[in-house]
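With these hints in hand, go ahead and build the complete structure from the sequences.
Numbering (the working numbering), first residue to last: 0 to 532.
Don't read these hints as lab results, they were simulated from the structure. Be careful, since some hints might not be right.
In silico lysine-lysine, DSBU-like type, Cα no more than 30 Å apart, as pairs [unchecked claim]: (1) K277 <-> K331; (2) K471 <-> K277; (3) K331 <-> K523; (4) K331 <-> K471.
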Amino acid sequence: MNNFGGAYTFFGGIGPELDVDNQPIAGTSMQLTALERYRRTLLFLAAGYAPAEIRALGGGASQFSITGGTPAASVNQFDIGLFVNDDWRVRPNLTLSYGLRYETQTNISDFANFSPRVGIAWGIDGGSGRSARTVLRAGFGIFYDRIADSLTLQALRYNGQSQVSYFILNPNFYPSIPSIDALAEGQQPVRIQLLDRNLQAPRTYQASIGLDRQINSYARLSVQYIASRGVHLLRSRNINTPVDGAYPFGEAGPRLLNESTGFSRSNQIVFSPRINYKGLSLFGFYGLSYGKTDAEGQPADPYNLRAEWGPSSFADVRHRAVIGTSLPLPWKITANPFVSMSSGSPYNITIGRDLNGDTLSSERPALLAGLSAADCSGGNLLYATGFGCFNLSPIASDSIIGRNFARGPANFTVNLRLARTWSFGNRGESGMEPGPPRRMGGFRGGRGPGGGGPPPGDGPPTGMFGASSGWKYNLTLSVSAHNLLNNVNYSAPNGDLSSPFFGEYRTLAGFGPFGGGHSTYNRKVDLQLRFTF
Numbered sequence: 000m001n002n003f004g005g006a007y008t009f010f011g012g013i014g015p016e017l018d019v020d021n022q023p024i025a026g027t028s029m030q031l032t033a034l035e036r037y038r039r040t041l042l043f044l045a046a047g048y049a050p051a052e053i054r055a056l057g058g059g060a061s062q063f064s065i066t067g068g069t070p071a072a073s074v075n076q077f078d079i080g081l082f083v084n085d086d087w088r089v090r091p092n093l094t095l096s097y098g099l100r101y102e103t104q105t106n107i108s109d110f111a112n113f114s115p116r117v118g119i120a121w122g123i124d125g126g127s128g129r130s131a132r133t134v135l136r137a138g139f140g141i142f143y144d145r146i147a148d149s150l151t152l153q154a155l156r157y158n159g160q161s162q163v164s165y166f167i168l169n170p171n172f173y174p175s176i177p178s179i180d181a182l183a184e185g186q187q188p189v190r191i192q193l194l195d196r197n198l199q200a201p202r203t204y205q206a207s208i209g210l211d212r213q214i215n216s217y218a219r220l221s222v223q224y225i226a227s228r229g230v231h232l233l234r235s236r237n238i239n240t241p242v243d244g245a246y247p248f249g250e251a252g253p254r255l256l257n258e259s260t261g262f263s264r265s266n267q268i269v270f271s272p273r274i275n276y277k278g279l280s281l282f283g284f285y286g287l288s289y290g291k292t293d294a295e296g297q298p299a300d301p302y303n304l305r306a307e308w309g310p311s312s313f314a315d316v317r318h319r320a321v322i323g324t325s326l327p328l329p330w331k332i333t334a335n336p337f338v339s340m341s342s343g344s345p346y347n348i349t350i351g352r353d354l355n356g357d358t359l360s361s362e363r364p365a366l367l368a369g370l371s372a373a374d375c376s377g378g379n380l381l382y383a384t385g386f387g388c389f390n391l392s393p394i395a396s397d398s399i400i401g402r403n404f405a406r407g408p409a410n411f412t413v414n415l416r417l418a419r420t421w422s423f424g425n426r427g428e429s430g431m432e433p434g435p436p437r438r439m440g441g442f443r444g445g446r447g448p449g450g451g452g453p454p455p456g457d458g459p460p461t462g463m464f465g466a467s468s469g470w471k472y473n474l475t476l477s478v479s480a481h482n483l484l485n486n487v488n489y490s491a492p493n494g495d496l497s498s499p500f501f502g503e504y505r506t507l508a509g510f511g512p513f514g515g516g517h518s519t520y521n522r523k524v525d526l527q528l529r530f531t532f
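Here it is, written out as structure tokens:
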């Protein structure tokens with residue numbers, strides 16, 4: 000049997016305070032970070048302490064995992080999607096779009112995935128040969144997501160036979176790595192991945208209504224409201240978490256079930272202005288969003304999934320805005336500045352240790368109101384600046400904080416592209432085909448529901464990132480600066496209360512489809528030469 004390495008995990012916890020000589024102070028206790036637990040483990044191991052003594056002093060590994068067996072596994076999956084749609088021009092100023100999509104796949108039990116779509120576009124002040132300046136658009140559709148074959152592959156691999164994944168709590172043999180044979184002889188707990196036999200494809204019900212207004216010959220404004228409801232969303236939980244000290248499956252070891260029982264709801268209002276005036280193009284959008292879900296990450300309590308209902312880390316980013324232009328400059332140079340902004344995204348605060356025996360450190364603390372930093376003392380209490388006093392060993396009757404309780408930082412990015420195109424050859428023979436016109440009803444036969452950005456057709460102006468000039472050959476030299484001002488955009492801070500880095504920013508965040516930071520760099524400049532024909 001093959002040995003796939005093995006890994007130890009250290010969680011924070013409670014332990015005695017130590018004096019300057021690293022000796023325990025009688026009658027004291029304190030909150031330990033995961034790093035401090037690891038330090039004490041190394042310290043007392045070097046001093047020759049026994050495993051039980053090390054654990055009594057706040058050291059010792061929290062978990063050990065190792066996998067052995069046959070690494071090769073294969074899975075087949077068939078996926079098909081068919082759709083039909085049409086536009087019916089009911090009147091000169093009224094268009095009805097309708098259609099039906101069907102899609103299905105193997106490895107799930109749900110095959111009745113029909114998704115009707117319908118949309119209308121009504122030119123309120125149009126008709127009798129007069130173009131409408133105000134258009135009302137509305138639509139509804141059902142959208143399905145596919146379930147990746149990786150879930151089926153994991154269930155085949157970690158079934159306790161093809162591959163055996165041992166998972167041991169509070170191991171006393173650190174830093175040794177036991178062999179797979181030794182663990183098998185000792186009948187150690189095994190982690191098994193399960194796939195719900197009633198697994199269904201996640202789906203989103205989405206409705207939208209919007210108003211487009213042509214203000215004058217060069218300015219247009221669109222307002223759109225989008226409501227989305229997601230059901231059968233994927234999530235995972237340990238269904239062998241002990242209840243009153245007893246394991247439901249009769250033996251220790253996690254049983255991680257992937258199921259489609261999640262739910263989400265979001266509401267979004269989008270404002271999209273556009274101006275085209277004497278060679279100047281200006282576009283943008285502002286989105287106000289509210290969204291909640293219970294299908295992000297591992298639950299704090301695998302038997303109380305309702306407690307996971309909370310802000311969505313994506314859909315509950317309250318404010319998003321972008322603005323971009325296309326500016327003609329001397330010497331046939333085009334400048335395309337692009338500014339993007341967003342408010343902070345929600346993030347989770349966890350205790351950082353496993354309290355319920357599900358082998359995961361996803362439990363959340365209780366917030367004690369009215370306690371100052373001076374009064375927040377004791378082994379189970381921890382004061383966090385900006386939040387208050389947390390109880391790290393809460394019981395069910397305590398005011399346990401909700402999922403994604405905190406908010407990360409806002410982001411601001413300025414991108415700039417400068418380009419110069421040389422065109423030659425015969426006019427009217429460009430090899431670049433123009434894109435399709437915008438559908439009046441906003442109806443599409445594709446899979447995804449969208450709704451995460453501007454409405455269809457309200458993206459960057461044509462030519463912002465290169466388009467046909469009408470000549471057969473085009474040579475374009477451009478330089479693009481991502482995050483031109485080198486503004487530092489952080490991702491959400493560390494939310495693990497057992498970490499010494501709690502509340503600190505540890506990584507950079509990108510922004511949107513046009514870039515604006517990366518986990519390894521903050522500003523980037525690209526030089527590009529492009530030839531089209």
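Exercise. Hints broken by the structure, by number, lowest first?
Worked result: none
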